[in-house]
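K.L.:
Given the sequences, and given the hints that come with them, work out the whole structure.
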Amino acid sequence: DAGVIQSPRHEVTEMGQEVTLRCKPISGHDYLFWYRQTMMRGLELLIYFNNNVPIDDSGMPEDRFSAKMPNASFSTLKIQPSEPRDSAVYFCGSTERGFTDTQYFGPGTRLTVL
Amino acid sequence: TQLLEQSPQFLSIQEGENLTVYCNSSSVFSSLQWYRQEPGEGPVLLVTVVTGGEVKKLKRLTFQFGDARKDSSLHITAAQPGDTGLYLCAPGWDTGNQFYFGTGTSLTVIP
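Line by line, the protein sequences are chains A and B.
The first sequence begins at 2 in my numbering and counts up one residue at a time.
The second sequence begins at 13 in my numbering and counts up one residue at a time.
Derived from the structure by calculation, the hints contain no laboratory data.
Heads up, some of the hints might be wrong.
[To be verified] Residues on chain A that point at chain B, a partial pick, calculated with CB under 10 Å:
#	residue
1	D57
2	E97
3	T101
Ideal Cβ positions, reconstructed from N, Cα and C, are used throughout, including at glycine.
P.N.:
Pasting the structure below:
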């Protein structure tokens, strides 16, 4: 398997623009999650899905952030409008049966909002 | 607020030295995971400890879960540059609870 795939690897945008991050989980994994990593706040869970259904989005910082999972092989994290404080590395990951299982992470998307 | 404190926050050592990093909380956990994140990559699971007092070894890495299941330690023997990375602990997840990572220890092993 190719592992978790994220795109783009790097994104530079200007404040106010819409940003869409993409993730393809490992085939057969029922759970997908989005994390954000910064020096100040560490690695934070934003939202996770089980069988394409959002289960817990309490980590989503504000209404500017939204995530969707239209099918088992694709998810997006959208920021609209983006702000400089959104600059971070965003990770997507998946597991077969939840967090007690091994979590497999993608390589991350480094987002810079100018 | 749930919190997993890891110490030290930063550690820089010479190749060949031994080191121990810690993961502490006031909460009791059903299990605890350790991850290593290399620069530019996502975290990779190293081990899961489940039983209080449990010790697991992974080559030069020794993981211990505290007797009370509130804390854990990671000891590295004869550190190598390939051990460089961010070490993260994470508590076992019980359905309905929020999942989170510890604050992390950034390790640099100098050749």
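K.L.:
Hints first: check each against the structure and report whether it holds.
P.N.:
To see whether the hints hold, each was checked on the structure:
1. D57: holds (7 Å)
2. E97: Where the cut-off is 10 Å and the nearest Cβ of chain B is about 13 Å from A/E97, the hint is violated.
3. T101: holds (6 Å)
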